[in-house]
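As given, the protein sequences belong to chains B and L, one line each in that order.
Here my numbering is used: position 75 in the first sequence is 80, and no number is missing along the way.
Here my numbering is used: position 273 in the second sequence is 275, and no number is missing along the way.
Keep in mind that a hint or two might mislead.
[Claimed, not checked] Not everything, but these chain L residues come out facing chain B in the computed CB check (under 7 Å):
no., residue
1, 293
2, 651
3, 655
4, 656
5, 659
No lab work stands behind these hints, which were simulated from the structure alone.
Everything numeric in this text was worked out from a predicted model, so none of it was measured.
Backbone N, C-alpha and C define an ideal beta-carbon position, used for all residues, glycine too.
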Amino acid sequence: MDLTGAYASLGSDLGNAFSLVLLSVVGLVMVVWDSLRNDHRAIPWIGVAASVLAISFELLRMPGPAEKIFYGLMWAGGYASFVNIIILAATAFTLAISVHYLDRIGHNYGEVYSLVVFASAGMIVLGSANSLITVFVGLETMSICLYILTGLVRTEEGSVESALKYFLLGAFSTGFFLYGIALLYAATGTLYLDEMPAALAGGAGSEVLLWGGVGLLFIGFLFKVSAAPFHMWTPDVYQGAPTTLTGYMSTASKASAFAALVLVVYHALPAERWMLVLAIVAAATMILGNVVAIAQSNVKRMLAYSSIAHAGYVLVGIAAGTTAGYSGALFYLLVYTLMNIGAFGVMAALEWDGHVGQKQDLDSLAGIGYRKPLLGVSMGFFMFSLTGFPPLGGFIGKYAVFAPAIDAGLTWLVIVGLLTSAASAYYYLRVLYVFWMKSPEEEAAPALDQLMASPLSMSTSVVLVVCAGLLLVLGIYPGVLESTTLFFSDSAAAVAAIR
Amino acid sequence: MNSDFLVQWILLLPLAGAVLNGLGGLFLPALRERESLFGIVGTAVVAIPFVLTLILFLQYSGEAHVTTFYTWMAAGDLDVSFAYRIDELSLIMTLVVTGVGALIHLYSVGYMHGDPGYWRFFAYLNLFIFAMLNLVLGDNLPVLFLGWEGVGLCSYLLIGFWYTDLKNSAAANKAFIVNRIGDFAFLMAMFVLFKELGALDFGTILADPQALSQSNLNWVVLLLFIGATGKSAQIPLFIWLPDAMAGPTPVSALIHAATMVTSGLYLLARVSPLVLAAPQVMAVIAIIGALTAIMAATIAITQNDIKRVLAYSTVSQLGFMFMATGVGAFFVAIFHVFTHAFFKACLFLGSGSVIHGMHHVEHELHKKGHEGHIDPQDMRTMGNLRKYMPATSTTYLLSTLAIAGIPLFSGFFSKDEILFKAFEYGYSGNTYAWFVWIVGIITALLTAIYMVRSYVLTFRGKERWPMADEVQPHESPWTMTVPLWILSSLAVVGGFVGLPGVIAHGEWNWIHHWLGAPYGGPVAEPVLPAHGGGFLAIEWGLILLGSAIAIGGVWFGWRAYDRHGLDYDRKISEATGRLYGLWRGKYYWDEIYDRLVVQPLIRGSEKLLAPFDEYVVDGIVNGVGHVTRGAGQVLRYLQTGRVQNYALAIVFGVAVVLGIILFG
């Protein structure tokens with residue numbers, strides 16, 4: 006391999022990987038800042054500013070075609086920019102709503118924010134990878150940060166327990182993932198996703214090696230996106246982790262893992278043999294997530310199962326195996342990120358004594374809508390959108406993943422999806438029923454009065470309003486959905502030619 | 003100015019007003035006291051669109067212009083676009099909606115003063131205007147339906163505006179539920195059209211009525227008409243409108259008189275090429291319209307609540323408009339929508355002004371320690387109000403004369419045109435039109451009588467409320483009287499846009515030339531055989547007959563009620579006997595529905611559905627619950643700190659995934 010000018014080439018690519026570089030540097034600055042100065046008030050806002058800056062950069066890059074950087078290890082622009090925007094937006098929102106929340110639960114440490122930023126850097130690597138090694142590096146960078154964040158509330162048993170479970174099971178699934186990479190390499194002789202079709206066309210490797218590798222690789226992804234039956238860590242971890250960080254985990258990490266999965270199936274995999282397994286997993290995930298969510302009385306746990314169900318909807322789009330399905334899945338991830346961050350944000354704002362979060366059942370939330378109209382109304386947006394009501398983003402999102410699946414002949418899967426999402430209305434709207442139509446019990450009233458006394462923080466209100474507003478815009482104005490289809494149109498012909 | 007730009011702001015301003023008023027009032031409780039703020043914003047976002055519509059109207063080229071903002075969703079053939087159509091019909095409707103709407107917003111500034119829900123009221127009212135504009139401007143049925151449902155929702159919210167009174171909530175529910183039936187029919191019509199034609203935009207569906215088979219066409223038109231009977235309060239779905247008077251009076255004027263209730267007529271005029279191709283359904287429309295008109299008019303004679311008289315009068319006038327539709331005179335129906343918007347809005351606002359004054363009386367009586375309660379809407383406790391409320395009295399009188407059809411007032415031109423068209427259609431060989439014509443003549447007479455009755459009982463005679471020498475009402479503030487004057491002036495002169503055919507052979511009938519398909523407009527007309535030379539004399543004769551009926555009715559009513567007052571009701575009652583009981587009981591529609599539909603439904607639910615719900619539905623739900631809870635137990639067992647079990651599940655998953663992918 007000729008390495009002349011390698012440094013110059015890598016250096017010139019740094020500009021293309023602006024978001025990644027910026028987040029890594031800012032994360033380091035935050036750690037240093039936290040250790041040198043005893044005042045960590047400014048730290049989260051450094052992270053928010055960096056994310057916003059990176060979002061504006063990616064917005065400029067997005068219309069252009071995706072190009073390979075760092076000797077083909079990663080993508081930049083186009084598709085990658087869209088994924089990065091989802092991750093960065095989730096980061097900015099999470100940092101902004103976490104400040105007051107972590108203050109309230111007494112765990113406002115500076116390193117929390119730098120861990121979030123590092124995790125986001127890992128997600129960016131994962132979501133724009135073009136090599137299986139890059140996928141793995143990104144996945145592990147992200148996961149290790151998330152393990153620590155889950156165990157943030159050290160004093161509480163549940164939090165520590167869930168962190169350990171997450172870590173052990175994560176390590177277990179990573180084993181399968183690595184095996185998958187090894188087998189795929191054995192089958193194709195390359196680690197670069199976009200080189201695999203050509204290698205396979207050349208007749209290299211055996212079927213068993215290839216498909217065994219793909220299966221094991223899928224398992225790693227399915228674990229990260231909490232698809233059934235790899236979902237079992239999800240309710241425990243989501244309930245144990247601090248609420249705003251749960252919102253972050255359930256959105257950004259899923260978005261980047263799904264994005265990497267789409268890159269793998271779009272660039273690397275030849276035939277449609279993998280569609281069936283994803284379709285079956287999608288059906289199981291949607292059924293399990295929605296049915297079990299119905300039985301939950303704790304809102305955070307309900308949202309955990311709901312996030313499992315939504316992973317199923319995204320899988321429906323991917324299982325369609327068409328570019329329309331992939332772009333629908335991408336659009337769904339954006340919508341899902343907004344509504345889930347919002348919903349967890351509302352629940353975080355309602356944890357007034359810092360400990361109720363894990364036990365916060367529906368009854369303790371009666372009549373909140375009238376006491377805190379902003380929380381009540383924005384929760385209305387999030388719940389209706391999660392259910393898939395027009396004219397909110399969730400409706401267009403479901404349409405965007407279901408319609409390609411029908412075109413791909415997966416009508417049975419879409420029927421499962423429609424039935425289960427109809428059932429989901431029960432538990433989503435129950436939240437609104439409790440928020441607006443039930444009166445609080447006598448015992449709960451003092452706690453609510455206490456909540457009334459502390460006004461919502463400005464940053465939380467802004468985040469909730471922005472999320473709700475964007476959901477409405479995405480539901481009424483479909484331009485974003487059209488733009489996601491463009492990511493696959495320019496290079497589709499080239500890929501088809503190779504196949 | 004660019005018409006896309008104008009259309010955009012005509013639609014967006016009322017929406018922005020609704021959002022601003024709603025969010026401002028909801029989230030900034032301190033702001034709720036600032037009534038002028040909500041009032042000014044709320045009125046401005048309707049008045050400015052009116053000016054913009056006027057610009058559109060003045061620069062209209064004669065070519066229909068479609069503005070497509072964007073496609074909301076496209077699935078297969080179904081293409082739901084936010085597209086709006088500017089043509090003669092939508093322009094005239096938009097002018098009425100924004101113009102009359104702006105006046106009523108201004109009126110509400112004074113009328114709603116002091117109400118704790120002031121901000122809410124303006125938010126709903128703005129939202130209503132937005133929905134109504136979608137209805138009249140939409141270029142395809144889905145957008146029209148969006149507006150159709152939107153106005154229904156706003157109507158529901160505003161009827162139940164004072165929701166703490168259970169009666170008002172019940173009225174709101176009734177309106178909503180009855181309208182659902184009509185909306186269902188509307189949806190079915192849309193489904194049939196889409197299935198047969200594969201498109202829902204007006205350009206495609208109106209292009210060729212022959213593209214549908216005759217039976218499909220009949221069904222579509224009939225279903226659309228059933229939809230219209232819900233929104234526009236015709237037999238058998240009219241029963242919600244009188245109850246809808248529970249809402250604040252400006253709402254009755256705007257939604258339940260001038261705009262929303264005419265949307266059924268707008269719909270039929272919009273699809274007039276289809277309607278004309280279904281002559282049997284046209285006969286149904288005309289006969290239903292005629293029956294509704296005479297039925298509501300006879301009920302109106304017996305009512306003592308001033309708003310209820312006007313409500314039944316509205317039902318009756320809507321019946322007139324459907325009569326016109328049923329004889330193929332769509333442009334005349336729209337003409338009557340146009341004039342009716344002025345005089346009926348003015349009458350309602352006048353009644354609101356009276357109620358405002360009588361509320362003051364009630365309040366003063368209470369302060370003076372008077373025992374007992376007077377109903378501020380009951381005409382039996384009014385009388386001689388013209389002495390205290392001269393502006394209200396004069397404008398109410400002008401509008402009464404207009405609706406009665408006194409020559410040269412606006413109602414004369416539009417109503418006579420309807421009667422003439424019915425006659426002409428019968429003369430051309432459609433027998434049912436004769437029936438319609440005769441019923442129309444009788445109803446016109448009744449209209450003059452009951453409207454004069456309401457004017458005389460309210461504004462003339464002696465004061466009939468207690469302690470009348472000490473406690474008197476006073477005239478309403480300028481924000482309320484100015485709209486009254488404007489509307490009554492329009493009620494007087496508005497008819498000149500549609501001069502009858504006897505003048506210059508119809509060449510001066512502006513509204514006909516503006517809307518009619520023979521002159522390039524969107525509203526179709528039947529082709530009638532040419533009449534003989536003597537027809538001009540018949541036309542003159544009909545005009546004289548119409549004038550004589552109006553003048554005679556007013557004269558009779560005035561003599562009877564000015565001389566005898568309330569006693570004359572008893573005389574009518576004695577003269578008509580049991581018939582009067584039938585009228586007073588409103589033909590027992592509510593009771594019949596209660597017997598035939600509501601009670602069986604309730605009993606059926608108790609006997610059949612409740613056990614079904616208890617055993618079957620609950621059984622399934624609880625069964626699912628038990629299963630999930632059982633699953634939860636298993637999960638809890640697995641979750642007693644044993645990560646191994648989770649890992650086992652993963653291994654199971656690995657086996658499944660690899661099994662499917664390798665051997666599947």
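How the hints compare with the structure:
no., hint, in the structure
1, 293, "39 Å, violated"
2, 651, "5 Å, holds"
3, 655, "4 Å, holds"
4, 656, "6 Å, holds"
5, 659, "5 Å, holds"
Hint violations for this structure: number 1 only, all remaining hints satisfied.
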